[in-house]
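As they're listed, the protein sequences go chains A and B.
Just so we're aligned, residue 1 is where the first sequence starts under the working numbering, counting upward by one.
Just so we're aligned, residue 1 is where the second sequence starts under the working numbering, counting upward by one.
Worth double-checking, as some hints may not be accurate.
Estimated spans, in silico, between C-beta atoms of each pair [what the hints assert, rightly or not]:
1. Asp-515(A) / Leu-123(B): 51 to 61 angstroms
2. Ala-174(B) / Val-321(A): 31 to 41 angstroms
3. Lys-160(B) / Ile-199(A): 26 to 36 angstroms
4. Glu-177(B) / Phe-265(A): 28 to 38 angstroms
5. Leu-107(B) / Ile-199(A): 50 to 60 angstroms
6. Ala-27(B) / Val-321(A): 26 to 36 angstroms
Residues of chain B placed beyond 10 angstroms of chain A at every Cβ, according to the derived structure [as the list claims (entries may be wrong)]:
7. Glu-21
8. Pro-92
9. Phe-102
10. Glu-164
11. Thr-188
12. Leu-220
13. Asp-226
14. Pro-230
Hints were generated in silico from the structure; no laboratory data involved.
Note that beta-carbon positions come from the ideal geometry of N, C-alpha and C, so glycine has one too.
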Amino acid sequence: MSNTPDTPVYVTDALIAEDIDAYLAGHEKKSLLRFITCGSVDDGKSTLIGRLLYDSKMIFEDQLAALEADSKRVGTQGQEIDFALLVDGLAAEREQGITIDVAYRFFTTEKRKFIVADTPGHEQYTRNMVTGASTADLAVILIDARKGVLTQTRRHSFLAHLLGIRHIVLAVNKMDLVGYDKAVFDRITLAYRAFASEIGITNFTAIPISGFKGDNITALSDNTPWFKGPALIEHLENVEIGSAADEAKPFRMPVQWVNRPNLDFRGFSGQLATGKVRSGDAVRILPSGKTTTVSRIVTLDGDLEEAVAGQSVTLTLADEVDCSRGDVIATADNPPEAADQFEATLVWMADEAMIPGRAYWLKLATQTVSATVQAPKYEINVNTLDHLAAKTLELNGIGVTQLSTDKPIVFEPYADNHALGGFILIDKLTNATVAAGMLHFSLRRAQNVHWQATDIDRDMRADLKNQRPALLWFTGLSGSGKSTIANLVEKKLHRMNRHSFLLDGDNVRHGLNRDLGFTEADRIENIRRVGEVAKLMTDAGLIVITAFISPFRAERDMVRGMLPEGEFVEVFIDTPLAEAEKRDVKGLYKKARAGQLKNFTGIDSPYEAPETPEIRIDTTAMTPEEAADMIIDRLLG
Amino acid sequence: MTDTLTHLDRLEAESIHIMREVMADAAKPVMLYSVGKDSAVMLHLARKAFYPSPPPFPLLHVDTTWKFKAMYELRDRMATESGMDLIVYQNPEAKERGINPFDHGPLHTDMWKTEGLKQALDLHGFDVAFGGARRDEEKSRAKERIFSFRTSTHGWDPKKQRPELWNLYNARKAKGESIRVFPISNWTELDIWQYIARENIPIVPLYFAAPRPTVERDGLLLMVDDDRFPLLPGETPVERSVRFRTLGCYPLTGAVESEAKTLSEVIQEMLLTTTSERQGRIIDKDGGDASMEKKKQEGYF
Numbered sequence: 001m002s003n004t005p006d007t008p009v010y011v012t013d014a015l016i017a018e019d020i021d022a023y024l025a026g027h028e029k030k031s032l033l034r035f036i037t038c039g040s041v042d043d044g045k046s047t048l049i050g051r052l053l054y055d056s057k058m059i060f061e062d063q064l065a066a067l068e069a070d071s072k073r074v075g076t077q078g079q080e081i082d083f084a085l086l087v088d089g090l091a092a093e094r095e096q097g098i099t100i101d102v103a104y105r106f107f108t109t110e111k112r113k114f115i116v117a118d119t120p121g122h123e124q125y126t127r128n129m130v131t132g133a134s135t136a137d138l139a140v141i142l143i144d145a146r147k148g149v150l151t152q153t154r155r156h157s158f159l160a161h162l163l164g165i166r167h168i169v170l171a172v173n174k175m176d177l178v179g180y181d182k183a184v185f186d187r188i189t190l191a192y193r194a195f196a197s198e199i200g201i202t203n204f205t206a207i208p209i210s211g212f213k214g215d216n217i218t219a220l221s222d223n224t225p226w227f228k229g230p231a232l233i234e235h236l237e238n239v240e241i242g243s244a245a246d247e248a249k250p251f252r253m254p255v256q257w258v259n260r261p262n263l264d265f266r267g268f269s270g271q272l273a274t275g276k277v278r279s280g281d282a283v284r285i286l287p288s289g290k291t292t293t294v295s296r297i298v299t300l301d302g303d304l305e306e307a308v309a310g311q312s313v314t315l316t317l318a319d320e321v322d323c324s325r326g327d328v329i330a331t332a333d334n335p336p337e338a339a340d341q342f343e344a345t346l347v348w349m350a351d352e353a354m355i356p357g358r359a360y361w362l363k364l365a366t367q368t369v370s371a372t373v374q375a376p377k378y379e380i381n382v383n384t385l386d387h388l389a390a391k392t393l394e395l396n397g398i399g400v401t402q403l404s405t406d407k408p409i410v411f412e413p414y415a416d417n418h419a420l421g422g423f424i425l426i427d428k429l430t431n432a433t434v435a436a437g438m439l440h441f442s443l444r445r446a447q448n449v450h451w452q453a454t455d456i457d458r459d460m461r462a463d464l465k466n467q468r469p470a471l472l473w474f475t476g477l478s479g480s481g482k483s484t485i486a487n488l489v490e491k492k493l494h495r496m497n498r499h500s501f502l503l504d505g506d507n508v509r510h511g512l513n514r515d516l517g518f519t520e521a522d523r524i525e526n527i528r529r530v531g532e533v534a535k536l537m538t539d540a541g542l543i544v545i546t547a548f549i550s551p552f553r554a555e556r557d558m559v560r561g562m563l564p565e566g567e568f569v570e571v572f573i574d575t576p577l578a579e580a581e582k583r584d585v586k587g588l589y590k591k592a593r594a595g596q597l598k599n600f601t602g603i604d605s606p607y608e609a610p611e612t613p614e615i616r617i618d619t620t621a622m623t624p625e626e627a628a629d630m631i632i633d634r635l636l637g
Numbered sequence: 001m002t003d004t005l006t007h008l009d010r011l012e013a014e015s016i017h018i019m020r021e022v023m024a025d026a027a028k029p030v031m032l033y034s035v036g037k038d039s040a041v042m043l044h045l046a047r048k049a050f051y052p053s054p055p056p057f058p059l060l061h062v063d064t065t066w067k068f069k070a071m072y073e074l075r076d077r078m079a080t081e082s083g084m085d086l087i088v089y090q091n092p093e094a095k096e097r098g099i100n101p102f103d104h105g106p107l108h109t110d111m112w113k114t115e116g117l118k119q120a121l122d123l124h125g126f127d128v129a130f131g132g133a134r135r136d137e138e139k140s141r142a143k144e145r146i147f148s149f150r151t152s153t154h155g156w157d158p159k160k161q162r163p164e165l166w167n168l169y170n171a172r173k174a175k176g177e178s179i180r181v182f183p184i185s186n187w188t189e190l191d192i193w194q195y196i197a198r199e200n201i202p203i204v205p206l207y208f209a210a211p212r213p214t215v216e217r218d219g220l221l222l223m224v225d226d227d228r229f230p231l232l233p234g235e236t237p238v239e240r241s242v243r244f245r246t247l248g249c250y251p252l253t254g255a256v257e258s259e260a261k262t263l264s265e266v267i268q269e270m271l272l273t274t275t276s277e278r279q280g281r282i283i284d285k286d287g288g289d290a291s292m293e294k295k296k297q298e299g300y301f
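Starting from the given sequences, assemble the full structure and let the hints guide the process.
Structure representation (C-alpha cells):
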C-alpha cells in the first residue's frame with residue numbers, strides 16, 4: 001500500500017499486549033460521542049469514515065484483503081485502496097457508487113468511543129440526514145477544497161443547526177488536491193463563516209484534511225505546517241458531550257412502563273430525559289399535576305441513591321398517585337407545561353404529501369396522541385433559506401406550521417429539551433413515519449382553557465328524551481343509496497317518537513361549510529366540522545344521521561374518536577362500483593368518466609371501505625325499506 | 001472533562017429503553033435466544049429492564065439439532081434462572097428429511113434457521129421478535145433499523161424501513177406484519193465482551209480455550225462435538241487448544257487455536273487478532289458479497 005498513513009498515535013496496541021486488564025480498566029471509563037458526517041456526493045464522506053475505521057484498527061485482515069481486491073475491481077482510486085468501499089453497504093448502492101441511507105459505524109480511540117452516522121448528501125435524502133442528526137452531538141460538514149461552499153453545504157449546515165447540534169466541524173477535504181494551499185483553506189473558512197452566522201451557527205471548528213491521504217486526521221500533518229490544530233480526532237475526543245448539559249437541567253422522566261410484579265410493588269420505568277433524581281425528592285406527575293416524593297430508585301443491581309439524565313431506571317413513589325405510560329415525572333417546583341396547540345417545525349419524510357386537517361398520530365417521548373396539522377405558515381427553502389408560501393409539505397419539505405392535539409401533552413420547547421420537544425408523526429392508515437417535528441412553543445396554555453362545567457349534563461338531556469344518543473355515520477360510494485336509506489331511517493325514527501337530526505352534506509355546504517371547496521384538505525375539514533356539529537348534537541341527546549361519501553378511513557376514525565365509546569355507528573352502504581355507476585342517479589359517473597369531474601370517488605379518487613363497520617348494508621340483496629328496518633333494529637335493539 | 005455515564009452505561013440504558021418501548025405496542029413479543037454471547041447480553045438486559053418483574057415475554061430457540069452440546073446445557077440453565085418460558089422450535093420438515101450440514105450445504109441453514117424461524121413466529125403468532133444482531137457485524141447490518149419491519153411473509157424491504165429519530169420508535173403495524181427489534185444494534189463486539197466481564201454474565205464455556213477434539217477441513221478447524229460427525233478417509237480428530245469466537249451449528253463453526261482461558265485473555269486476543277468475527281462462519285460466504293443482505297430479504301434474521 002503506497003498510502004499507509006503515519007502510525008496512528010492513539011492505538012494502544014502495546015498496552016493491550018502487555019497489560020490487558022489495565023487497558024480494559026481504561027477503556028471501560030471511556031465516554032461516548034455520537035456524530036454525523038455530511039457532505040455532497042463526491043466530498044469523500046465514505047472515504048473519511050473508512051479512514052477513521054482503518055486508522056483506529058477497526059478493519060481486520062480479512063476485510064482488508066477483501067477491500068484490496070474490491071478496490072482493484074470496482075474502486076475509483078486506481079490501484080490504491082478505496083476506503084469508501086468499506087462503508088457502502090447495500091448491494092444496490094455499491095453498483096451506483098453512492099450511499100443512499102443512514103449507516104452507523106463504530107470506532108474507539110484512547111479517550112472515547114464513537115458512533116458515526118454516515119448520512120447521504122443527495123437533495124432527495126434530507127430525510128436521512130435529519131434522522132442521523134437527531135441523535136448526534138456533533139456534525140462534520142465536509143467540503144471539497146476544490147469546490148468550496150456549495151448549496152449542499154448550506155443545506156447540511158442548516159439541517160444540523162435545525163436539529164440542535166451544538167458542535168459543528170468544517171472539514172475542508174481533499175487538501176492534497178489543492179497542494180495543501182493555506183489560501184484555499186482560509187477562503188473557504190471565511191465564506192463559511194459568513195453563511196453560518198446568517199443561520200445562527202456562532203461557533204465552528206475548521207480543519208484542513210485529506211481523508212484519502214490521512215492528513216490532520218489522527219495527528220497534525222507535515223503537509224500543512226500553517227495549521228495549528230486540532231487534528232480531527234483530537235477535536236472529537238475533547239468536545240463536550242451533550243449529556244453534561246442535560247444533567248444540569250431540571251429533572252424529567254417520561255414514564256414508559258408501569259412495573260407491577262405483585263400487589264406490593266408498583267414502579268414506574270423510564271429513561272431520565274434531563275436532570276437528576278434522588279430518593280426523597282419531591283416530584284410532580286404531569287399532566288395531572290399531583291405531587292409526591294420518590295421512595296426508591298430500583299435496579300437489578302440494587303437501589304440507587306441518585307440517577308442522572310440518560311439512565312434507565314424504575315422509580316417507586318411514596319403515595320398512590322395515578323401515573324401511567326405517557327405521563328412525565330418531573331421535579332415538583334419546576335415542572336414542564338401541558339398544552340394542545342403548538343407552533344412547530346416539520347420535516348416531511350413520506351412520499352405522500354402532508355394533508356392539512358388530517359389526523360395523524362403524534363409521538364412525543366412516551367405520549368401518543370391524535371394530532372391535526374394546519375397548512376404551513378411557510379416552507380423553508382433549504383438552499384436559500386427563503387420563506388415560501390406553501391399549502392402543504394412534500395417529501396423532504398421543511399416548514400413551520402401549527403398543530404393541535406386531541407388532548408394536552410406534556411412538552412418543552414425543542415431548543416430546551418430534545419426529549420420533550422422532538423416528535424414524529426405517523427400515518428394512521430399506513431403506519432409509516434411521515435414527519436419529524438420540533439416544537440417551538442404552545443399557542444395557548446391548555447390548562448387555562450377549562451371545560452365549563454354545566455349543571456345539566458348529556459345524560460340528563462338524553463334521559464329527558466327517553467333515548468340513547470348515537471351518530472349513524474353513513475358511508476359509501478356516490479349513488480350507493482346513502483341519502484335514500486338515511487332519509488327512511490329518520491322517518492321511521494320520527495314515527496317512533498325519537499328525536500333525530502339528519503345532517504345533509506349539501507345543506508351543510510350552504511352554511512357552516514360555505515367557505516370550503518373540494519380539495520383534499522377542504523374535504524377533510526368538511527368532515528371534521530360535521531363531526532364536531534354531530535358531537536354537539538349527541539351531547540344534546542339527539543340521534544344524529546349523516547350521509548357523506550367520506551371515502552377515507554382516517555377521517556371516519558377521526559370522528560369516531562371524538563365521540564364516547566359506542567356512540568359512533570358506522571353504516572357501510574355497500575354497493576359495488578359497477579352497480580352504483582349503472583344507477584348513476586345524478587349523471588355524475590358519466591361526467592367523471594368523460595373527464596369533466598376530477599377527483600371523483602371510485603373513478604380517479606380512492607374509496608377506502610370500512611374494515612369492520614358496525615352495520616353493513618348490501619344493497620344488491622335488500623330493498624331500502626328492509627335496510628332501514630335493519631339499521632333501526634340494530635340501533636334500538 | 002468528566003462524564004457521569006460511561007459508554008457501556010449509555011448502551012445499557014439505550015437497550016433497556018428499547019425493550020420497554022416494545023411493550024407499549026406489542027401484542028405478543030418474544031426474544032430470540034441463540035445461546036451465543038450476544039443472546040446472553042440481551043437476556044441480561046431484559047432482566048434489568050423489567051426488574052423486579054421477570055421479562056414479560058418468552059425465549060424462543062430456533063434449534064437445528066446441530067448446536068454444540070454445551071449450548072444446550074447453558075440454554076436450559078438460563079431459562080430456569082431467568083424464570084422465563086423457553087420455547088424450542090425445530091422445523092418438522094427438516095427433521096423428517098434429516099437435513100444436516102454435512103449432506104445438504106446451504107439448505108441446512110435455509111430450512112432449519114430461516115424457515116424454522118418463520119414457522120415458529122407464525123405458529124405462535126408473535127408480532128415482535130427481539131434479535132441480537134449488531135450493526136458492527138457486517139456491512140448491510142450497519143444500515144438496519146433498530147425496529148425492522150417485515151411483511152406478512154417475513155420479507156425485508158430496505159426501501160420501506162421507517163426513519164428512526166431521537167429515541168422515538170414507531171412500532172405500529174398492520175395485521176400480519178411483524179417487527180424484528182435489535183436492542184443491541186449499537187454495541188460492538190468489544191462492548192459485548194466488556195459488558196459480560198463487568199456484569200459477570202454466564203456464557204457458553206466454548207468461548208474459552210480448552211483442549212478439544214478437532215479436524216481441519218476446508219481451511220476451518222471443526223470440533224468433533226458428537227459421533228454424528230462423519231470423518232473423511234484419513235481424518236482423525238486431533239486434540240488442540242481451541243476456542244470459538246462465534247457459536248452456531250458445530251459442523252459450520254470454525255474454531256481458532258488459542259490459549260485464552262479467561263475473559264481478559266479472550267478480549268486481549270480479540271483486540272490483537274487480525275480477522276473479523278464472522279470469518280469463522282461459512283454462512284456469509286454463500287452467494288458472494290451481498291450474501292447477508294440477500295438472506296435478510298428472504299427472512300433470515
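### Query
Non-interface claim for Leu-220(B): all C-beta distances to chain A beyond 10 angstroms?
About 13 angstroms separates Leu-220(B) from the closest Cβ of chain A, which puts it past 10 angstroms; holds.
### Query
So does Lys-160(B) sit 26 to 36 angstroms from Ile-199(A), Cβ to Cβ?
Once the Cβ atoms are compared, 33 angstroms apart, the range 26 to 36 angstroms for Ile-199(A) and Lys-160(B) holds.
### Query
When you look at the beta carbon of Glu-164(B), is every beta carbon of chain A farther off than 10 angstroms?
Its Cβ does come within 10 angstroms of chain A, the nearest being 6 angstroms, so this is violated.
### Message
If I take the minimum Cβ distance from Pro-92(B) to any residue of chain A, is it greater than 10 angstroms?
### Response
Holds, because the least Cβ-Cβ distance between Pro-92(B) and chain A comes to about 33 angstroms, which exceeds 10 angstroms.
### Task
With 50 to 60 angstroms as the target window, see if Leu-107(B) and Ile-199(A) comply at their CB atoms.
holds (57 angstroms)
### Message
Please check whether the beta-carbon of Asp-226(B) is more than 10 angstroms away from every beta-carbon in chain A.
### Response
holds (29 angstroms)
#### Entry: 31 to 41 angstroms as the expected CB spacing between Val-321(A) and Ala-174(B), which holds or is violated
holds (36 angstroms)
#### Entry: Whether the CB-CB distance between Ala-27(B) and Val-321(A) falls inside 26 to 36 angstroms
holds (29 angstroms)
### Query
When you look at the beta carbon of Glu-21(B), is every beta carbon of chain A farther off than 10 angstroms?
violated (6 angstroms)
#### Entry: Beyond 10 angstroms from every chain A Cβ - status for Phe-102(B)
holds (25 angstroms)
#### Entry: Closest CB of chain A to the CB of Pro-230(B) still more than 10 angstroms away
Per Cβ check, Pro-230(B) is outside 10 angstroms of chain A; nearest 28 angstroms; holds.
### Query
Quick one: are Asp-515(A) and Leu-123(B) within 51 to 61 angstroms, going by C-beta?
holds (56 angstroms)
In terms of the numbered hints stated before, the structure departs from hints 7, 10 and 11, listed from lowest to highest.
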